[in-house]
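Residue numbers (the working numbering), protein chains in the order written: chain B, 1 to 381; chain H, 1 to 381.
Everything labelled a hint here was simulated from the structure, so no lab data went into it. Worth double-checking, as some hints may not be accurate.
Copies of the same chain look alike in the list, so a pair counts if it works inside one copy or between any two.
Result set (EDC-like, lysine to aspartate or glutamate): computed pairs, CA atoms no more than 20 angstroms apart in a straight line [to be verified]:
(1) Lys152 x Asp134
(2) Lys350 x Glu119
(3) Lys29 x Asp259
(4) Lys345 x Glu373
(5) Lys380 x Asp299
(6) Lys206 x Glu119
(7) Lys285 x Asp299
(8) Lys133 x Glu245
(9) Lys380 x Glu220
(10) Lys350 x Asp299
(11) Lys171 x Glu45
(12) Lys380 x Glu261
(13) Lys148 x Asp134
(14) Lys171 x Glu72
(15) Lys152 x Asp128
(16) Lys320 x Glu124
(17) Lys152 x Glu39
(18) Lys148 x Glu204
So the chains spell out like this:
Number of protein chains: 2
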Amino acid sequence: MKPIFKSALLSMLFFPLTLSAQNFPAGTKPNQHNINGAEWPRVGEDRRVHFRIHAPEAKKVEISFRGEMTREDDGYWTLISNPEVIGFHYYQVIIDGVASADPNGKPFFGMGRWVSGVEIPETEPGTDYYKPKDVPHGQVSENWYYSKINNKWRRCFVYKPAEYAQNPQKKYPVLYLQHGMAEDETGWSNQGMMNFIMDNLIAEGKAVPMLVVMDSGNIEVPFSMNSGQSRNEYGRDFTPILLTEIIPHIESNYRVLTDRENRAMAGLSWGGFQTFNTALPNLDKFSYIGGFSGAGNIDLNDLSSVYNGAFANISEFNKKVPVLFMGIGSEERPERARNLADGLKAAGVKSVVYYESPGTAHEWLTWRRCLNEFVPLIFKN
Amino acid sequence: MKPIFKSALLSMLFFPLTLSAQNFPAGTKPNQHNINGAEWPRVGEDRRVHFRIHAPEAKKVEISFRGEMTREDDGYWTLISNPEVIGFHYYQVIIDGVASADPNGKPFFGMGRWVSGVEIPETEPGTDYYKPKDVPHGQVSENWYYSKINNKWRRCFVYKPAEYAQNPQKKYPVLYLQHGMAEDETGWSNQGMMNFIMDNLIAEGKAVPMLVVMDSGNIEVPFSMNSGQSRNEYGRDFTPILLTEIIPHIESNYRVLTDRENRAMAGLSWGGFQTFNTALPNLDKFSYIGGFSGAGNIDLNDLSSVYNGAFANISEFNKKVPVLFMGIGSEERPERARNLADGLKAAGVKSVVYYESPGTAHEWLTWRRCLNEFVPLIFKN
């Protein structure tokens with residue numbers, strides 16, 4: 001017996017596939033996040049993105065952040081972007097004013113919805129740290145648990161190093177790793193390629209084998225000035241969820257070390273803000289802290305009182321926190337982060353590590369690099 | 001430091017969220033696959049789906065398989081579907097002829113691309129077998145391995161029962177479970193809710209704890225009559241990939257039983273066709289076989305020669321294959337499957353189990369039910 005499809009469905013099925021036979025611009029390759037068989041968008045060696053959409057009935061077709069497409073005679077619309085910053089960029093296709101994910105692309109949860117992503121590859125040698133290599137691969141597993149705080153089933157993703165299964169007695173340190181505003185617990189695996197970054201660092205002996213836990217920071221719905229919610233309230237319930245629900249769930253379901261010396265937290269953008277809000281006032285629970293393009297509101301003139309007095313005794317802080325990592329991209333106005341890092345160093349906070357990612361913006365390539373820089377520094381004491 | 005967003009990005013961020021304040025039709029609830037905060041589409045108690053899309057600039061807006069939407073004065077387009085069959089249905093939003101996933105929905109890989117899904121809930125008691133319950137939950141993990149046959153990195157998903165970690169010496173039987181045409185290895189976890197079905201069956205003692213392996217059948221790109229490929233060639237390379245790459249990968253990375261009595265294979269639609277093509281000629285490797293809305297081309301008049309003579313000696317087949325499961329939905333023309341099952345029974349194939357899912361179509365609710373019926377039957381000998 002053969003599968004049964006309505007002819008309507010069949011025609012939909014063939015739609016994305018029968019229209020992609022054409023000559024391709026020299027030096028371009030399909031975007032690496034296109035679905036199987038999709039030739040467009042294409043990325044050029046000159047870092048321009050070539051978009052091509054079949055929309056004979058549309059009045060206006062745009063690509064978000066890049067502008068209006070040009071209507072061609074054959075019912076296709078085309079746009080060649082300016083040379084783009086290296087890395088991963090979100091985009092949507094906007095048909096007569098309605099923005100959607102590109103039907104030819106793999107969707108990523110960002111911008112508060114499922115959107116598309118285009119990757120401008122790095123060309124320098126040694127930039128394959130987030131690519132799958134012939135090394136032992138860990139697993140990212142989906143875990144469900146009931147949250148009394150949110151009153152619903154929640155899901156977290158857990159990366160286990162390849163060696164975990166081969167060492168049934170061994171216990172591992174844990175990094176709690178957060179996404180940014182309008183993203184969710186899928187971000188680090190999908191956009192962040194974290195599993196390949198961890199596999200490669202561990203295989204090269206640069207990082208200690210560890211678990212990485214990625215959960216929702218309850219900031220999928222973007223912060224709105226209209227919501228009446230203050231910026232400080234936004235995503236605040238993640239702290240008690242992490243401390244009283246996620247950490248106990250992980251520690252009762254995995255072979256992990258449970259002392260503060262073996263617990264780290266890092267996050268990107270708003271997740272970095274949440275990391276500082278969660279880890280600094282709870283230094284009895286965390287010893288390594290990372291903010292990737294996002295950190296805290298630290299008034300350097302009032303250092304003794306911020307974060308429950310975490311910095312009140314700086315020599316004590318230096319003993320407790322071997323690494324306070326602050327990373328940011330050179331293309332996203334790094335001055336404030338750099339000044340904060342310099343100010344903390346000047347105040348005697350020896351554990352500050354400042355990293356500036358060359359040529360990258362407030363986007364995932366910055367955060368992949370931050371993870372790649374941060375992870376080798378932790379759990380080494 | 002606060003996250004930094006271009007104002008363009010900010011406006012995109014707020015776009016899906018600021019337009020959803022209105023009165024809702026009585027007796028409707030948001031589709032369970034809507035993203036966090038999205039109120040539309042909504043599903044009524046009468047099984048009608050209420051769609052509402054903001055597209056003030058569009059000339060024509062359609063919902064696939066349901067027809068044209070009506071333009072309202074406020075820039076929204078609306079459509080109320082006819083009462084729909086219970087279960088999970090794919091759909092796309094079509095703006096001036098361009099079909100995309102619904103920006104308000106979670107995407108599912110089906111129809112050869114990432115599309116949306118609407119769920120018409122079952123209302124009868126005892127239909128919560130695929131819902132998360134307060135029982136021990138297994139994990140679905142993502143596993144990467146290099147395929148020499150496809151010459152690329154491939155991903156498979158592996159369900160481990162909750163007890164797996166608590167029994168470090170125990171080895172488990174394995175079910176290899178396949179998706180259908182134009183779907184991929186994500187289907188059983190996303191559309192199929194297989195992890196909750198397995199968790200519930202195992203917790204109730206109805207099913208033996210087992211691993212379930214879900215990989216790509218290499219049929220993401222829909223079969224095309226134009227490709228020059230015969231239907232029999234389509235997805236054929238999955239058989240050697242399963243036998244020589246996936247099974248060895250699983251058996252060297254998990255605590256599993258490796259004899260034929262502890263290996264089962266099932267698949268839906270074209271995945272059922274692949275299951276029969278793979279398991280029946282290799283009965284030295286598989287002992288339980290399931291086809292969900294998809295099975296083989298079995299000429300009952302030539303039973304002795306089909307599938308390398310699997311049925312040549314029927315009493316031998318009955319000893320080797322305790323369960324040959326054939327399930328199908330009552331709303332998808334079940335006659336051929338029923339006749340095949342009856343014919344095999346009449347020919348003496350005692351292990352045939354025929355299951356007809358009442359009121360369901362060639363869709364995922366049929367396949368969730370098939371899994372729920374099949375799994376309790378296997379690995380019991």
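Taking the numbered hints from earlier one at a time, note which ones the structure violates and give those numbers from smallest to largest. The structure conflicts with hints 2, 3, 5, 6, 7, 9, 11, 14, 16 and 18, although it agrees with all the remaining ones.
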